[in-house]
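Q: Residue-level listing of the chains:
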Amino acid sequence: DQQVKQNSPSLSVQEGRISILNCDYTNSMFDYFLWYKKYPAEGPTFLISISSIKDKNEDGRFTVFLNKSAKHLSLHIVPSQPGDSAVYFCAASAYFNKFYFGSGTKLNVKP
Amino acid sequence: NAGVTQTPKFQVLKTGQSMTLQCAQDMNHEYMSWYRQDPGMGLRLIHYSVGAGITDQGEVPNGYNVSRSTTEDFPLRLLSAAPSQTSVYFCASTRLAGGRTDTQYFGPGTRLTVL
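As they're listed, the protein sequences go chains S and L.
Counting along the first sequence from 1, when you hit position 71 you're at 287 in my numbering, and nothing is skipped either side.
Counting along the second sequence from 1, when you hit position 86 you're at 68 in my numbering, and nothing is skipped either side.
With the rest of the complex left out, here is chain S (with noise of 0.2 Å):
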């Protein structure tokens, strides 16, 4: 069973707008949680993280929250551009440092 769920598998989105990727976990032990990108025929690539002591964490256009009440993150792209357009990839790991990754959500910003 997936321990690391996105449910959405793609999102559209007006240049300009917001985008907002969810994540859902099961894993009460999971502490450290990073968002990366991927492009086609490329690796993914990070591109931000949060660690569970915190809630928030920004980078420039890019932000995660993390509610853990609710096993929940999110990255919120402000304001996406065209370039933002590809799949991204959440995951999480525990002490153990194994890296559990969620299937994905393309998103497409549309011009």
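Only true hints are included.
Calculated lysine to aspartate or glutamate pairs in the DMTMM-like style (CA-CA distance at most 25 Å, straight line): (1) Lys284(S) <-> Glu41(L); (2) Lys272(S) <-> Asp84(L); (3) Lys314(S) <-> Asp20(L); (4) Lys322(S) <-> Glu258(S); (5) Lys287(S) <-> Asp217(S); (6) Lys322(S) <-> Asp20(L); (7) Lys314(S) <-> Glu258(S); (8) Lys314(S) <-> Glu12(L); (9) Lys284(S) <-> Asp84(L).
It is worth saying that the hints were derived from the structure and are not from the lab.
Starting from the structure of chain S, add chain L where the hints point.
A: Below, chain L alone, put in the same frame as chain S:
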């Protein structure tokens, strides 16, 4: 720095054949790992290593072997290829910071087809 390199980029095998997917990194990272990506499944951890001589299983280790004789290299061996192993394989590396892993750097992937 070349980062994380993987060879080959593409490979076609027949059922029952064996092969080794190569992975190398030049960042002196202690932690290396192998993932497979399948449609609708995301990336699933096959094996990982926290240093030379140390390996451990991930979520989907069956049918795969690894070894880590040097810090730089982490090859993945398919013992007897099966059609279910058709996938895109990614190698990743990261430094260990205070005993925990930092963000991972991924290679470009190997697309494997087993007929």
